[in-house]
Every structure is written in structure tokens, then in C-alpha cells.
Amino acid sequence: MVDPSWTRERVIATVSEQFPPEVRATVLSALDEYPGDDAPAGRARVHLAILKIAGGDLEKVRQYAAHANMDFRDILYMADHGRPDDSSNR
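Residue numbers (the working numbering): 25 to 114.
Treat the hints as calculated values from the structure; they're not laboratory data.
Hints are supplied without guarantee of correctness; some may be wrong.
No farther apart than 25 Å at their CA atoms in a straight line, the calculated lysine to aspartate or glutamate pairs in the DMTMM-like style are these [claimed, not checked]:
id, residue 1, residue 2
1, 84, 95
2, 76, 56
3, 84, 57
Model the full structure from these sequences, guided by the hints.
Printed below as a string of C-alpha cells:
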């Protein structure tokens, strides 16, 4: 099922909440390294998951976007269940 909140607008709003203005374009560019599929909602879903697990860290956004290109399902899993290195989720 597609969540109606999985939109590019929500991605941009989340970036604006998590990052200062001077790096927002860089963050969006890093997210766009994961092009997704033809479904905009699917792409936005992965971008939002990346933002969630990156926790406001630009370098992690880059790492997770690169990982999403190998297997986006890992990113979705981590967003739902916590990162393997996140001891607060255990």
C-alpha cells in the first residue's frame, strides 16, 4: 500500500527540518544518487527512510543512498527496525 505522505515535498520538508540551509541542496543531491524506480512514491519512501536512519548526518545520507542502489530493502528495514549499529533499538 502506498502512503500518501511519501512525496518529494515531504522529502524536501524533512531535509529542511534536519539540515541547515547551506547544505540542503547537497543533501537533496546525495539523496538523488538513489534514483528509485518509476514510482515517485517508492523513491520518496526510500529517501525518507535514508533521512530517518541518517539522523541529520550528511555523510550517512551519502552512504545510505549508495547502499540503496545495491539493495533499497536494507534501507527500509533499518528505518523500521533500527540500524545494526544503533544499540538503542535492541
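Against the structure, the hints:
no.: 1; hint: 84 to 95; result: 16 Å, holds
no.: 2; hint: 76 to 56; result: 16 Å, holds
no.: 3; hint: 84 to 57; result: 13 Å, holds
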